[in-house]
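Asks: Generate the whole structure from the sequences, applying the supplied hints.
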Amino acid sequence: MSDQGKVGVPLLEAVDLHKTYRMGSVDVPVLQGSSMKLDPGEWVAVLGASGSGKSTLLHLLGGLDTPDPKGGEVMYKGRTISTLTRGARNRYRNREVGLVFQFYHLLPELNVLENTLLPGLVGSGIRADRDRARELLSTFGLDHRLTHRPRELSGGERQRVAIARALLNKPEVLLADEPTGNLDEDTGSEILELLKKEHQAGLSIVMVTHDRAIAELADRVVVLHHGRVDQDQSLSIQ
Amino acid sequence: MYHFLLTSRYLTSRIIPLLAIAAVALCVALVIVVVSVMTGFLDMIKDSGRTLMGDVMISYPVSGIPWYDDLIEEVEAMPEVVAAAPMVETIGVLRMPYPRGAVKEPKMVQIWGVDPERFAKVTTFGETLMWPEVPESARYQVSHDEAYGPIIDTFDRTQRIAILRASDWEDTEGMSDSQVADMGSALTQPEWYEHMRHLMLDKGDTLPRILRDDQRLDMQKVIELEQAGRLPIDLDVLAEGLSMSRNGRPGIVAGIHVSDANYRDSNGEYQIGGNGHWWLPRYEGALTTIPVDATGGTLEPETVLMPFVNEFSSGVFAVDEIRVMIPLGTAQRMMHLDAAEIVDEFDPMKVVGVEPARATMILVRGQDDIDPLDLRELVRAAYQRFTDKMIETQPGSVSPPIEGINPSLRILTWEEQNAAFIGPVEKERALMRTLFSIVYVVCAALVLAIFWAIVYEKTRDIGILRSIGASRPGIVWIFLLYGLVVGIIGAVIGLGLGWLITANVNGIHDLLAQPPGWLAWSLAAVTVITLLWTFLKLFTGRILPVMLGLMISILLGLLTALVFILDAQGGVVIWDPAVYYFSEVPNSIDLPAAIITMIGAVIFSLVGAAIPAARAADVDPVKALRYE
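Protein chains in written order, with numbering that gives the first Met the number 0: chain A, 0 to 237; chain B, 0 to 627.
Hints in this document: simulated from the structure, not taken from any laboratory. The reader is advised that the hints may include incorrect statements.
As the list claims (entries may be wrong) - Simulated DEER-style distance windows between Cβ atoms:
id: 1; chain 1: A; residue 1: ARG21; chain 2: B; residue 2: ALA613; range: 21 to 27 Å
id: 2; chain 1: B; residue 1: THR539; chain 2: A; residue 2: PRO68; range: 55 to 61 Å
id: 3; chain 1: A; residue 1: GLU215; chain 2: B; residue 2: LEU535; range: 44 to 50 Å
id: 4; chain 1: A; residue 1: ASP38; chain 2: B; residue 2: ALA613; range: 39 to 45 Å
id: 5; chain 1: A; residue 1: THR82; chain 2: B; residue 2: SER12; range: 38 to 44 Å
id: 6; chain 1: B; residue 1: SER12; chain 2: A; residue 2: PRO68; range: 41 to 47 Å
id: 7; chain 1: B; residue 1: ILE602; chain 2: A; residue 2: ARG21; range: 36 to 42 Å
Built from N, CA and C at the ideal position, the CB exists for glycine as well.
Replies: Written out as structure tokens, the structure reads:
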């Protein structure tokens, strides 16, 4: 995955994705042929109502899940993710993408610094880059919180820790699932500001949201409706 | 190395793993205590062989081995041998000095005729002697015996008959003088002293007519001294050291449980029945054996009246209840195994030779570092040299029994001699080990259940770890490591706990036997405090603390009641020496077994953790992350 910067190849691309979940004896189609792409350095917002399949799309992009057999594919720098070996997919999640969730998903037993270091520990197996973690946390205004447990932090602080964790291994893409969904408006704005800064520094972002106002911060908005991409619009259209 | 980080955090920040550790520790402690006590028991049995009989014995029952001193010389010449001692073993009937009156209790006993000095070099006989001095509870009676004894010894037959007729102790109406005399001779000396005292005190007018003047004056002096509380106590009752005789008379050293007068209280200490009245060394016993002649037929029974000079406590109940020791010479005479002149068949005045004294058993003690089986072979070779020499130097005379020709001649180690006794205990220990291995399964099941709950609780964490790239084997390894650490910590705590219980098992036993008052009262106090706490928690509206408080209170309450009941009933003796052979519970830890148990616990903790770990690896990260 070192073939960085191939001219004309999107960084991340979803091609005609189908995903069906089985609930009891009923098959529930969640994605029914969704396609989208993300160019290097781009910020794409995926806008959709609850149940439109936007989280599932994000999970497929992040390599946490695989599309249905013959249900399309996810391409990263032109290579299919779902056909990679397990080890290679683990490395993809660890190095190439960073995931941020609505409910922060920090480990309650670990303190702020340890939570941030976790992808480093998982990836290298030996020593994580403590300086990188401290630097990130400092940038996010958390240097006085390093030894605190997640339960001692506010929602905004938790989400900043989660973003720091996602960025530790310097991924190319940040995949954010409703990153402000659980925060009040002011705190949400702070988080979005933070994402904006990282984006300006060169980070590519796919952000899922149900909030049109937030989606409009992105370079481009993709609208998901019943598992299909309805429009692929650039910010300038609005 | 996020595994170590997570494992250490999961261990230190939650209560559930502590439960798992406690479960493992209890399982390990249980197995260690049970196996250690069993092993200790077996070791005590094996050790007791050495302390009671030495390492190797040459035995030729009934007929005995002649020229045994030559044999002992031959055996003791070997540097591997510490000492050897001759012994005559037989069975007999011992007429005990009790109960009061003409009818006494007879007891079947195993008689060991030993030379005490040599016997004590092979065994720990000297250390097992019970009474280094007269116990406090027997001093009063003994001083009476000492004071009245010499006077009573001067009474003649007529006086004795008159005394018995005058006393209302025995019903002598209608009995002839000789019947009364027979009855009198059946009384023990201490019983005579009792008679005299009562007669002097209650029927002072009768005695002067029976006693001579000098006897009456002596008696009067003793009574005055007694009433003034100045009775002389010259307590020369016990045999000196190992001499096994008193005033030149051979005496009996009886096992502590031979006499019914000794009983063991719940503290494990020996008490003398009836306020010292039946403290054996005050009395005499009549020992009867049946000698056997050269053809294997029986001869007239031999009876010897001997004072008890001491008692011994070997710690092995089966020995202490049946064995009495008497001097070797006495036993040889009683069994007709002593040296005797051989006379001419037609002219009894003509001595044609000397029949040597015999011993039915030679006990051999080896150096500490020699294996009993090696020692046995050395002794066997020495015995061979001994028989060769005897056949050469004593031609035509009696010859010692020869191995292979005389089948009842045996040269065995203690363990072989007592195989029928040791074997079942060894089997029992193996059975215990097998049965208690089930505890491992319990241990694994507990760890499994607890880890299952932990994995369930940690599902979201697993999803997060997977989302940042943790592999499935990585997730398995977290929980295996967790199980390993729980197993190791549990096993180490279990070892400590097991050691603590095993080392203090006698103290715990004594505590059960006689729970101290403070224990009951402090338990009661803690119960009341817990109940109060529970009552206060009622107002918080939460059910869990109330439930916990109630359960702990009930448990403590039951414990308190149990201690009070034990206290009221005078305790319980679980380790009854009559059942367990030994008077002490073995209290040393069986280290090899403990280490095996610990390793087993760690392995089974891993087995218990493996299944939840596999389940954790199978967690679908997408589903796991939906949990909130």
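Asks: Work down the list of hints and note, for each, if the structure agrees.
Replies: A quick look at each hint next to the structure:
1. A:ARG21 / B:ALA613: 21 to 27 Å: Because 22 Å falls inside the window, the suggested range holds.
2. B:THR539 / A:PRO68: 55 to 61 Å: The hint (55 to 61 Å, Cβ to Cβ) holds, given that THR539 of chain B and PRO68 of chain A are roughly 56 Å apart.
3. A:GLU215 / B:LEU535: 44 to 50 Å: For GLU215 of chain A and LEU535 of chain B the Cβ distance comes to about 58 Å; the hint is violated.
4. A:ASP38 / B:ALA613: 39 to 45 Å: holds (42 Å)
5. A:THR82 / B:SER12: 38 to 44 Å: holds (40 Å)
6. B:SER12 / A:PRO68: 41 to 47 Å: holds (42 Å)
7. B:ILE602 / A:ARG21: 36 to 42 Å: Since the Cβ atoms of ILE602 of chain B and ARG21 of chain A sit about 39 Å apart, the hinted range of 36 to 42 Å holds.
Of the numbered hints given earlier, the model fails hint 3 alone.
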